[in-house]
Amino acid sequence: GENVEQHPSTLSVQEGDSAVIKCTYSDSASNYFPWYKQELGKRPQLIIDIRSNVGEKKDQRIAVTLNKTAKHFSLHITETQPEDSAVYFCAAIQGAQKLVFGQGTRLTINP
Amino acid sequence: KAGVTQTPRYLIKTRGQQVTLSCSPISGHRSVSWYQQTPGQGLQFLFEYFSETQRNKGNFPGRFSGRQFSNSRSEMNVSTLELGDSALYLCASSFRNPGQGSGELFFGEGSRLTVL
Numbered sequence: 001g002e003n004v005e006q007h008p009s010t011l012s013v014q015e016g017d018s019a020v021i022k023c024t025y026s027d028s029a030s031n032y033f034p035w036y037k038q039e040l041g042k043r044p045q046l047i048i049d050i051r052s053n054v055g056e057k058k059d060q061r062i063a064v065t066l067n068k069t070a071k072h073f074s075l076h077i078t079e080t081q082p083e084d085s086a087v088y089f090c091a092a093i094q095g096a097q098k099l100v101f102g103q104g105t106r107l108t109i110n111p
Numbered sequence: 001k002a003g004v005t006q007t008p009r010y011l012i013k014t015r016g017q018q019v020t021l022s023c024s025p026i027s028g029h030r031s032v033s034w035y036q037q038t039p040g041q042g043l044q045f046l047f048e049y050f051s052e053t054q055r056n057k058g059n060f061p062g063r064f065s066g067r068q069f070s071n072s073r074s075e076m077n078v079s080t081l082e083l084g085d086s087a088l089y090l091c092a093s094s095f096r097n098p099g100q101g102s103g104e105l106f107f108g109e110g111s112r113l114t115v116l
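Sequence order for the protein chains is A and B. Residue numbers for the first sequence follow the working numbering, so the first one is 1 and each next one is one higher. Residue numbers for the second sequence follow the working numbering, so the first one is 1 and each next one is one higher.
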């Protein structure tokens with residue numbers, strides 16, 4: 001089955017700087033990689049996703065890159081703002097299989 | 001459009017008891033999945049239901065069970081509660097049809113279970 005490793009577990013950056021969170025997956029057949037953001041006390045919400053036929057996807061200040069050969073994908077947040085502080089989860093799924101989440105990264109934006 | 005609704009939001013049980021949690025998905029969503037969230041363990045997959053059938057199951061003991069009704073509402077049950085079962089239990093619904101691709105998960109606010 002799929003296994004997803006996420007690093008780092010905590011990340012602290014200065015407001016305005018960039019943040020990068022990395023994930024690796026084990027099943028080369030995985031073809032869908034979403035990222036969820038969970039603010040304190042709230043439910044996780046999808047912020048961006050990428051499918052295996054694409055190498056990069058951007059949405060304003062966030063972007064996700066996928067390296068299928070190395071089986072890793074990353075979330076990039078530029079020009080970070082206080083509202084970016086949250087726990088971020090990566091996930092991977094293959095076909096009909098379950099969505100497997102990484103352990104989460106607690107991102108703190110320092111003013 | 002109403003979101004995913006989970007009940008109860010908070011509950012306290014003692015060891016050995018059982019608990020039933022309920023999840024009402026977004027109208028039109030037929031896929032419901034359940035996750036256990038604990039500090040440091042992230043989101044652990046419990047099971048996924050589609051059209052009243054369990055399609056995927058996580059690595060949890062048989063004390064954890066679930067079901068889905070014809071209206072797509074789902075329940076999960078935990079029997080013989082242990083202290084380690086204390087967690088936030090999240091339900092998520094999706095348009096996803098297992099076997100036909102992936103889709104966005106819409107999470108409920110969760111049911112926070114405390115086992116004493």
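Be aware that a few hints might be false.
What the hints assert, rightly or not - Below are the SDA-like pairs computed for lysine to any residue, each with C-alpha atoms no more than 25 Å apart in a straight line:
#1 Lys-42/A / Gly-28/B
#2 Lys-57/B / Glu-79/A
#3 Lys-71/A / His-7/A
Bear in mind the hints are in silico, worked out from the structure with no lab data behind them. Since we're looking at a predicted model, the values are computed, not measured.
TODO: Would you check the hint for Lys-57/B and Glu-79/A, treating anything up to 25 Å between C-alpha atoms as holding?
DONE: It is violated: about 39 Å lies between the C-alpha atoms, which goes past 25 Å.
Open item on the list: Hinted pair, alpha-carbon criterion (25 Å max): Lys-71/A, His-7/A. Please report holds or violated.
Closed with: 14 Å, holds
Open item on the list: For a C-alpha distance cap of 25 Å, please report whether Lys-42/A and Gly-28/B respect it.
Closed with: 23 Å, holds
Comparing the model with each numbered hint stated earlier shows that hint 2 is the single one that does not hold.
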